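S.K.: Now for the letters of each chain:
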Amino acid sequence: MTKNPRTLYQKIWDAHVVDTRDDGTCLIYIDRHLVHEVTSPQAFEGLRTAGRPVRRPDLTLAVPDHNLPTTARRDAAGKVLPIEDPESATQLAALRKNAPEFGIRYIDATDREQGIVHVVGPEQGFSLPGATIVCGDSHTACHGGVGALAFGIGTTEVEHVLATQTLLLKQSKTMEVRVEGKLGAGVTPKDVILHVIGVIGTAGGTGYVIEYRGNVFEEMSIEGRLTVCNMSIEGGARAGLVAPDEKTFEYIKGRPYAPTGDDWDKAVAWWKSLATDEGATFDKSVSIRAEDIQPTVTWGTSPEDTSAIGGVVPAPEDFADASKREAVKVSLDYMGLTPGTKLTDVEVQNVFIGSCTNSRIEDIRAAAEVLKGRHKADNVKWAIVVPGSGLVKAQAEAEGLDKIITDAGLEWREPGCSACLAMNPDKVPAGERCASTSNRNFTGRQGPGSRTHLMSPAMAAAAAVTGKLTDVRELVG
Amino acid sequence: MEPINHVAGRAIPFGRKNVDTDAIIPAHWLKTITREGLGKGAFEAVKKEPGNVFADPDYAGAPILIAGDNFGCGSSREHAAWALLDMGVKCVIAPSFSDIFSGNAFKNGILTAALPQEAIDRLMEVAKTDPIDVDLETQTVTTPFQDRFTFDIDPFRKHCLENGLDEVGLTMAQGDAISAHEAKARAQMPFLARTPATVD
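Order-wise, the sequence lines are chains A and B.
With my numbering applied, the first sequence covers 87 to 563.
With my numbering applied, the second sequence covers 219 to 418.
None of these hints come from the bench; they were simulated from the model.
Given the structure is predicted, the values throughout are model-derived calculations rather than measurements.
Please note: incorrect hints may appear among the correct ones.
[To be verified] Chain B regions said to be covered by chain A (calculated; three or more residues, Cβ under 8 Å): (1) 252–263; (2) 386–392; (3) 403–411.
[Claimed, not checked] Residues of chain A clear of chain B, computed beta-carbon distances all greater than 10 Å: (4) Lys97; (5) Gly132; (6) Val166; (7) Thr252; (8) Leu254; (9) Gly270; (10) Phe405; (11) Ser409; (12) Leu423; (13) Gln435; (14) Asp493; (15) Ala508; (16) Lys513.
The beta-carbon is built from N, C-alpha and C at its ideal position, and this holds for glycine as well.
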C-alpha cells in the first residue's frame, strides 16, 4: 500500500496548488479554460476596463453555443444568415470580437469544429486527463469523463481565470459512487446517472467531488463517461470524474490539441499514476448494483424525480419528507400528471435529442438504431436531433444516420445547446411534454410552461416512434 | 480598479431606507453584455417621480450618495454596484448596508461608509448646499462647517481600496508564484503547460 494513499481528486489538486493561505484557501492553477458567449462578456469588459491582458490565451478556447439557432447558418448561396434575436446576436458578436482582441482561439458558428463547449473540449483533445478545466457553465463537470478535474464558474471567476490562469478555492470533500455488476440490455450511461441522482438526491453531492468507480464505469466508453460526469452537478457535486485508463489515452491520442511526441509519453506516464491509491479513503461512499438499474425516466421537475420506465407516477404520500411531499404535489400539478398513472401511458408531443449530456456520435447512433425503418408517431408534433458539434454532424452524415433520422420524420439540425435551455428559438410549447435527452427538467427550462421528461437517446427515440414514454427494450432487443 | 483615498464633492441627499437592488437597477437592465452604461437605468423608478434628487442638475455626476438604513438589500446582482459606478458614485454613506451589496461595492472599488442616523441627518442637510469630504486614510467624513464623523472599515478592505486592488488584482500580485508554478509545470507536466504548436 502507498504510504500516503490519495484519491484521484487529491492527486490532481496537489499538482495544481500555486499557494496555500492560512485559512486553507488555495490558489489553484487552471490548465484549460473554455469560453462561450453568455457568461463571458462582462469578464472581457472587466479586463478591458482594467487594461489587463489574458494571461494564457493559448490555454483558452472560445466557442459560441447557447444562443445559436439550430437552423441553417448559411443560405443556398453560402452567405452567412443573420441571427434574428437582437440580444442573442449582440452576445454572439461580442464573443467574436472579444476572442481575437485578447488573442484567444475562436471557433466560429460557421466553422466545422463548432459545437457545444462540453462536446468540443474532449473532441478537440483540449480536455485532458489530470487537467484542471473551467468554463462559465455548470455542466463543465462533463470533462471529468476523460479524468479531468472540471467545474463551472461564475462571470467574476471567468475574469479571474482569464487574468491570472488561477482560481481561489477550498478543497472539496470526496465522494465515491461505485456501480458494480452487469448492466442489462437497453440500460445506457444516461440511465446509470439518472439512477444515481435518484439515489443520492440533487443535494447529495453538495460540497463533494464525485469519483465514479467500479467495473461499470471501467467498461463504459469515454462518451458514456462524459454523459455520466456531465450530470454530476444535478447530484449537487460541482465536479465528477472517472480515472483515466487505456481507453482514455486511446480516445485522446491524435486529436488536434492532444500532446504529441515526447510530451505524449510523459503525459501517459503521469496519467497512469493518477488512479486512486489502494487504501485512500472517501468522505462518503455510495454503492449501487448495476442489475438494479433499469431504463430510467424523470416524472417531476427535479432531476432526482426518477423512475424505472416500468413504474408509475408516484403520489406525494409516497415520500417520507414533508417538504418533498409538498414539492412533489407542486411538481405533479405542473407536469399535469396523476399519481398511479403508468409512465408508459404518458403521451409526448415533442422529442429533443441533443445537449452537452447526449449529443455525441454514440448518442446519435443509439437514437438512429431505434428509428431505423420506423416513423415518428402522429401525436409527436416536433422532434429534433441536434448533434453536439459540426464534427459529430459530419460523422453521423458519413454513416447515413441523418437519413435514418429524417426518414423517421425527425429534423436533423445544426449544433448547439438548443432546446436544453431554450435560449435560442428551439422551445417546447407551454403545457406540452418533451421526451428529452438533456440534463434538467426544471420548471420552464425548455420554454415557459414546458414539461420535460429526461431519458437516454434510445428512450427518446422510442418515445418519438410510439408517441408515449416507452420501454426501448420493447422495440429493439 | 481605481485606487480610492479621498472622495470630495457634492453628495446626493437621497436618504431613503431599505433601498433594494431592484430599485437601484431593475431586472430588465441585466440583459447587457457590459458592466458599463448601467447608470442610465439606475434608480429608474425614482427618476420618474417629480422633483426627485436625481433630476436636480446640482447633483449630476456627484461622487457621493447619502442613503438610509439597509442600503442595497435584496438581490445579489453585481449590476447594482456597476450602475452606481457608472453614475459616478464612488462612496455611499448610510447607517447600514446589506452584506452582499457592500461586498459587491467593495469588489468594484466603491467605499461604503456607515455612520449613525444623526450624522446622516446632518450630512443630508449640508449636502443640499455644500460639498462633503470623505477621507479613507483617517476614516473621516467632514464638511465645510467643521463637522467631523469617523467610520469603521475592515483593515483588509481599506488596504484593497487604497491600493485599487480587487480579487483579480490581488492574485495578480502573486504573479511570481504563478510564474514559478508555470515553470515547474513546463518541466514536469509539459503536456498540460502548453497546447501543441500545430493548432496555432
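S.K.: All the hints need checking, so say for each whether the structure fits it.
M.R.: Evaluated hints:
no.: 1; hint: 252–263; verdict: holds (count 3)
no.: 2; hint: 386–392; verdict: holds (count 5)
no.: 3; hint: 403–411; verdict: holds (count 6)
no.: 4; hint: Lys97; verdict: 12 Å, holds
no.: 5; hint: Gly132; verdict: 7 Å, violated
no.: 6; hint: Val166; verdict: 21 Å, holds
no.: 7; hint: Thr252; verdict: 6 Å, violated
no.: 8; hint: Leu254; verdict: 7 Å, violated
no.: 9; hint: Gly270; verdict: 39 Å, holds
no.: 10; hint: Phe405; verdict: 31 Å, holds
no.: 11; hint: Ser409; verdict: 24 Å, holds
no.: 12; hint: Leu423; verdict: 32 Å, holds
no.: 13; hint: Gln435; verdict: 30 Å, holds
no.: 14; hint: Asp493; verdict: 37 Å, holds
no.: 15; hint: Ala508; verdict: 16 Å, holds
no.: 16; hint: Lys513; verdict: 18 Å, holds
Comparing the model with each earlier hint shows violations of hints 5, 7, 8; every other hint is respected.
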